[in-house]
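Novice: What follows is the residue order along each chain.
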Amino acid sequence: MSKDFARVALRTVQKLGASYADVRYVRIETENLHVKKGVPEEIRKGTLAGIGVRVIANGAWGLAGTTILKRASVVDTAKKAYKVALASARAKKIDVKLSAAPAKKAKYSTSFGKDPFKVSLEEKLEALKTAERTAAAESKQLIKTSSSFFRAHRERKLFLSSEGAEIDQTIVWCGGGVSATAIRNGDVQIRSYPASFRGNFNTAGYEFFESLDLGGHASETAREATQLLSAEKCPSTTTTLIIAGDQLALQVHESCGHPTELDRALGTEADYAGTSFLTPDKLGTFRYGSPKVNISADATAPGGLGTFGYDDEGVPARNVPLIKEGIFVNYQSSRETAALLNLPKGSSGGMRADSPLAMPIVRMTNINLLPGDWKAEELIRDTHDGVLMLTNKSWSIDDKRLNFQFGTEAAWLIRNGSKEKMIKQATYTGITPQFWGSCDAVSNDDWHMHGTPTCGKGVPGQVMYVGHGVSTARFRDVRVGIA
Amino acid sequence: MSLETLSELAQKATRLADKKGADQAEATAFTLVGDLTRFANSQIHQNVATYKEGLRIRVVLKKRIGDIVIAAFDPHSVESAVSNAIKIARFSPQNELFKSLPEPKKYAPLKGTFDRKTAACDPNFRADNAKRAIEVAHGKANFVKAVAGSYMTGSSAFAVANSLGTNAKAQISLAQMAVTVISEKEGSEGHGYYSAFARNIKEIDVDAIAEKAADKSVKSVQPIRLEPGEYEAILAPDAVALSLSYVSNGFVSTWFQDGTSFVKYNLGKQVFHEKFNLKDDGTDMATLYVSPVDGEGVPKQAIALVKDGVVDEKSICYDSYTSGKEGKESTGHASIPFYEAFGPGPDLVNMVLAPRDASVEEMIKETKQGVYVSRFHYVRTVNQPRMILTGLTRDGTFLIENGEITKPVRNLRFTDSFLDVYKGIQMIGKDQERQELATVPTLKVSKLRFTGVSEQ
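Sequence lines, in order, name chains A and B. Quick note on numbering: our numbering labels position 436 of the first sequence as 470, and the sequence is numbered without any gaps. Quick note on numbering: our numbering labels position 129 of the second sequence as 166, and the sequence is numbered without any gaps.
None of these hints come from the bench; they were simulated from the model. Keep in mind it's a predicted model, so treat the numbers as computed, not measured. Possibly wrong hints are sitting among the right ones.
[To be verified] Pair ranges (Cβ atoms, derived):
#: 1; chain 1: A; residue 1: S264; chain 2: B; residue 2: A391; range: 40 to 46 Å
#: 2; chain 1: B; residue 1: M322; chain 2: A; residue 2: K37; range: 45 to 51 Å
#: 3; chain 1: A; residue 1: S154; chain 2: B; residue 2: M322; range: 48 to 54 Å
#: 4; chain 1: A; residue 1: T271; chain 2: B; residue 2: P146; range: 58 to 64 Å
#: 5; chain 1: B; residue 1: M322; chain 2: A; residue 2: V42; range: 42 to 48 Å
#: 6; chain 1: B; residue 1: P146; chain 2: A; residue 2: S154; range: 43 to 49 Å
[Stated by the list, open to error] If the Cβ cut is set under 7 Å, some of the chain A residues that face chain B in the computed set are:
#: 7; residue: I77
#: 8; residue: K79
#: 9; residue: S122
#: 10; residue: T179
Where is the CB? At the ideal position from N, CA and C, for every residue including glycine.
Isolated chain A (complex conformation):
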């Protein structure tokens, strides 16, 4: 990739009179493998290369993007971005202002050992087939569908801005999972490892996928699916709830990640995903959770799916506390939204776009629940009556991120400090600050990074990959068993 196209685009809009511009020249490679019921259901590779030009002209934003990488097309695209910005200015109330950010000249890559794109297809498919066949073999009678997945992503982007930034960045991530669906008399039960919806993903090389050892976990995963068929339904009650990391990651995502996005809080996502109950007047004082709750947005966390060197405005990756001992202390922000609130440290470095053709928007990086001072097993031993829930199955939350309801693949009834029996169709519901306010314990020995590669936001819709470092945590007086 050459910086020439990006420079041409920058010069074009600067000549036209743009007060600010940045250009992203991006190449994305993807690989998706899916083995199902013994056959390779999907073996697909993809490449997308394009250029996106973002401009402020007459105090308003414009963006144009194209996949035609020819000089004339790049010039036309830059001119279009300028024209679009002028059109935006026809319906503006205030001029866009950006908080200060260093104009870096840098090169960055996420760390990885084995390049996942260089490992042979045969090797990857063999690992998937082994895992899938192992899951299927657990019960030929009951396991009706078994699947295994691998996904890899490499994104190289050049970022140049009219302020002088020149950043060459490469992000590589991969991962996968295995799942088994057991069916008997219309009762359908699924179990997945290491997480639902195609598995877990980290910014790492193929060694991360190998470390998941799908084949070694496939039998147990499938066995639990069959056991769920005979399990009792989750009781409808209010009780102590212990949530394992593979569910808590999504709880953090939905009820802390999204409401702390400053664009939502300022109303610019009102037409689609919604706004936020964490309005600016609450910043620094609002009790979001119990003193046990510490949550940060950390784009520097090793292995996190939201780890990078610089965001799509060229702002260096940061680790920003969002919730400190239960108090809401910071937003995730952009240069524009940070300026609107006069945030003293400027942008949190959370502007990301899912393609060169998309407008960067405030996005989660790695939203991590910091480890507490318990061991995961102690949480169970210390619980007289309760429910342990594992692995997300369904999720829903309102447009201000208050009323949520989650369902999990599996759950256990806890009696007198031990797991008494497995239960199925587990769901729980709550209101965000009450729920986090009831958190009385967070473990520290099972904390690790969970990757969520499918976070949707924006119009037109964008899908972003984000991370969540979490462990197991306990919550009191939670309503369970809704469905």
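Could you slot chain B onto chain A? The hints should help.
Specialist: Using the frame of chain A, we list chain B on its own:
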């Protein structure tokens, strides 16, 4: 880029794969033009104009399949993609369940799906319409606080060719507008929303959209808290369409074959109300993403998903791969590149729920104590075979008492089986609104189970 050029590209890529030794090959060339002006806090804050072209190559070598998608049309990229697809196929295990790419079939092109003016709309046009929507909404009441939304124009086109002789193409222009209005009275917010999905900018009535959104918004301020429980409910088309997009999973062949579809366990049974008639028909101009063929070039078939409340094996929609598994023919439901989807598995995006004769006013009059739901939000499936969905109401939820809308209520969470909800239909509207994936009327149902209340 013209449809003919796309078609030539697809055929050329197919021939290239053939020449390089593929047993079968398929190429899909597509372009997506998406220009979108977005506003919030009563001003434009995002504005994009994008062009994307892409080519998908699928090659088959003795039941080994290689699949590549690239975003370029230049000869070098195409040749390289074809070679890579063949390389992937060579190194892949055989897929014994794969039968064949589809045989060519005749189809009748659809007329009137593409409007040049809509496809090439100027950003000033969208900006001025955004401004107009903002003005109309603010004119509704002095406590309208903020207006948000988007106006999108653009086009999608694709051509698909395969080595068996398939050679098909389609294109549409698109114009969509959505407006959200936020009002505030004595610290209490009210939200309203309205949208329109069209293929021609002439069909976008900006004033009407803004007016309807603003009306719901100003009527929604100072909502009361309604206790959760079972209530009669009137579901506006937006809510009906979103719920059907989840119910429709039951008609998808992959779900049916995996045993997770509710249809599998209810073959020949009347699971919905006898007046509930739902079809998927890609050639019905009342729907948005109309196309004579699917993403594999197979002619779109109209499928009666639900006939007089009954579902059966004929309710299931197939692409060539999933139909081949059962020795059947594709129903023309392979994903269409109009919205950049390439499976896996079939897509239902042209649902039509047959209207009847009730007006919304009559529905309200017939309701003793119920809830009027303008929209659903964040719907998810809790139990697939029983079609239990959860989600929330949004942008205008009202209490109906003794035949009249009396008060706005806070957003409610529902958790219910939509087999039960739509079995309990009491009235079907004579209105029919085109939403993105379904064209539907308003419905009155005898009960919807609300399981929670939002705090704000």
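Novice: Would you mind marking each hint as holding or not holding in the structure?
Specialist: Hints, verified against the model:
1. Between A/S264 and B/A391 the beta carbon distance is about 42 Å. The supplied range of 40 to 46 Å therefore holds.
2. For B/M322 and A/K37, the Cβ-Cβ distance of about 48 Å falls inside the hinted range of 45 to 51 Å, so the restraint holds.
3. At roughly 49 Å, the beta carbons of A/S154 and B/M322 sit within the given window of 48 to 54 Å.
4. A/T271 and B/P146 have their C-beta atoms about 60 Å apart, which keeps the hinted 58 to 64 Å range intact.
5. As the Cβ distance of B/M322 to A/V42 is approximately 44 Å, the hint placing it in 42 to 48 Å holds.
6. Between B/P146 and A/S154 the CB atoms are about 44 Å apart, so this pair conforms to the stated range of 43 to 49 Å.
7. Look at A/I77: its Cβ gets to within about 5 Å of chain B, closer than 7 Å, so that hint holds up.
8. Look at A/K79: its Cβ gets to within about 5 Å of chain B, closer than 7 Å, so that hint holds up.
9. A distance limit of 7 Å between C-beta atoms decides the matter here; for A/S122 the minimum to chain B is near 4 Å, and the interface restraint holds.
10. For A/T179, the suggested interface contact is upheld, since its CB lies about 5 Å from the closest CB of chain B, less than 7 Å.
Every hint, counting from the list given before, is met by this structure.
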